[in-house]
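One-letter residues, chain by chain:
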Amino acid sequence: MENVLEAKGITQEYDGRVIIQDVSIHLERRELICLLGLSGSGKTTLFHVLSGLKRPREGHVFLDGKEITGQPGSVSYMLQKDLLLQHKKVIDNVSLPLVLKGIPKKEARKIADPLFSGFGLEGTQNQYPSQLSGGMRQRAAFLRTCLCAQGGSALWDTASKGGGEQAVHGTALLDEPFSALDTITKGQIHTWFLDMMKKIDLSVIFVTHDIDEALILSDRIYILTGKPGRITHEIRILPERSERGEFNLTEEFLEYKRRILSVLQPEE
Amino acid sequence: MKKRSGNITFNLPAAVALILLIALWAIVGRSGVVPSYMLPSPGVVVKAFIDDFPNLMHHAATTLQEAAWGLLAGILLAMVMATVMDRFLVLDRALYPLMIISQTIPTIAIAPLLVLWMGFGMAPKITLVVITTFFPIAVGLLDGYRSVDQDAVDLMRSMGASRMQIFRHLKFPAALSSFFSGLKISASYAVVGAVISEWLGGFEGLGVYMTRVKKAYSFDKMFAVIFLIVLISLILMALVSILGNLTMPWRRAGQTQAESFILGKGDQHEK
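Just so you know, the protein sequences line up as chains A and B, in that order.
In terms of our numbering, the first sequence opens at residue 1 and continues consecutively.
In terms of our numbering, the second sequence opens at residue 1001 and continues consecutively.
Simulated from the structure, these hints should not be mistaken for laboratory data.
Don't take each hint at face value.
What follows is a list of derived Cβ distance ranges for each label pair [unchecked claim]:
| # | chain 1 | residue 1 | chain 2 | residue 2 | range |
| --- | --- | --- | --- | --- | --- |
| 1 | A | E251 | B | R1163 | 38 to 44 Å |
| 2 | B | N1245 | A | S179 | 31 to 37 Å |
| 3 | A | H169 | B | R1163 | 47 to 53 Å |
| 4 | A | K101 | B | V1080 | 28 to 34 Å |
| 5 | B | W1117 | A | E107 | 26 to 32 Å |
| 6 | A | P104 | B | F1053 | 49 to 55 Å |
| 7 | B | L1072 | A | K101 | 33 to 39 Å |
| 8 | A | K101 | B | L1076 | 31 to 37 Å |
Note that this is a predicted model, so its numbers are computed, not measured.
Where is the CB? At the ideal position from N, CA and C, for every residue including glycine.
Isolated chain A (complex conformation) (with noise of 0.2 Å):
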């Protein structure tokens, strides 16, 4: 598999204090891995480096090959809170990374409303985001994260034309992506996002504190530990994802599980 987005010996301070030191991973296409640590572990630091808002000290990122070390704009970046804007209206707000690349508000808006349905955001499209509940902020939160993730237009062909081959994949970070949801609906919507990401050809790195979360979703586990922050463990999951079924019931999750809590034991 190729890996779309690689980041080389990444070391990173914040007022003068390193936050994370020589940090190396990378993500194949499709994958969808999660980085789990204790807070403060550097997690952010690292998500904000990945996506180009902030340049390392040292090291560099790369996107397809591409070196897009300090440049922002090429990597979805989904903060922990959903941030939409309250002054726009959801369709407004969802289309929003589409007219920052240039594409007329109008033109975005055809693009976005189509989407919404298989989002389960059906008819909230002229609604203020105020109007929506903390779960249907989230899921117009991803689907922006998505546009964005897809510059729009392979999105869209998607939709319309139900799947099929396509030549762009989008990168996204996910911070949280699921803290705020209960535990009953987080099953349904973990289904929904694997199977949705599938759809679009997305690859993701995500943030979690929830380890079952975590050892549910990912195909490999990166554990962020230490101060500074280093890459301790890398844990693949062995079993393929689509036959995971109850995988939270067998005995090979529960090995998992106290492998994980042990290497994150905090060090004194």
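Following the hints, put chain B in place on chain A, whose structure we already have.
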């Protein structure tokens, strides 16, 4: 969050208090405790207002013009200053203290100077209105710009937004609410500012009218013009409120089912 619309439509306790106050005024006038030439009764004031209506309107037109031009210039100046100060931190640090100092200068002291420099025409009045109105608007806008969530800025940057785009799509709309709060205060300052500067020199306007009726000891007319100024200020403030609601439709969103139907779902979205 409590929505703020509808609070000027009808307020029973305030209406009762106002009526009681007028009644008290009428009683004091009748009783003869205060001579009627010092405190004319409400009826006399209303009569003065009606009798002198054309004259009042003529002067009001001048004052309104000065207030409107001054307010407009004040808005423009405030917008430019706040935006530039927000963009360049050095300017913010250089100009903010000066802005504060400009607000401590007593209007009464500066108005005669302005008349000396610019003559008896509209120019010194408009200038004074600009000085009094730009500050609340500029501060409102600056606060609005600064209240923007840094995460939202990061999000937009991660989408590849330019500084201009971040301003247009995020910062400016987010600052509108505090801009209008500032504008509401400025609208009331504008009329008072214009009147004060007319007071200190001029040929027409409500301030000039006031000095004339004061010299003639026509206190009934004095009260009439005071009420007219209050009325004009209230109307201006209400206009700002209406303008604010029209500019920020999202603030009305989610109030009631019926309203949101009329405002939002009712209108089209392109299929």
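Right, here's what the structure says about each hint:
no.: 1; hint: E251/A - R1163/B: 38 to 44 Å; in the structure: 55 Å, violated
no.: 2; hint: N1245/B - S179/A: 31 to 37 Å; in the structure: 36 Å, holds
no.: 3; hint: H169/A - R1163/B: 47 to 53 Å; in the structure: 29 Å, violated
no.: 4; hint: K101/A - V1080/B: 28 to 34 Å; in the structure: 29 Å, holds
no.: 5; hint: W1117/B - E107/A: 26 to 32 Å; in the structure: 55 Å, violated
no.: 6; hint: P104/A - F1053/B: 49 to 55 Å; in the structure: 53 Å, holds
no.: 7; hint: L1072/B - K101/A: 33 to 39 Å; in the structure: 36 Å, holds
no.: 8; hint: K101/A - L1076/B: 31 to 37 Å; in the structure: 32 Å, holds
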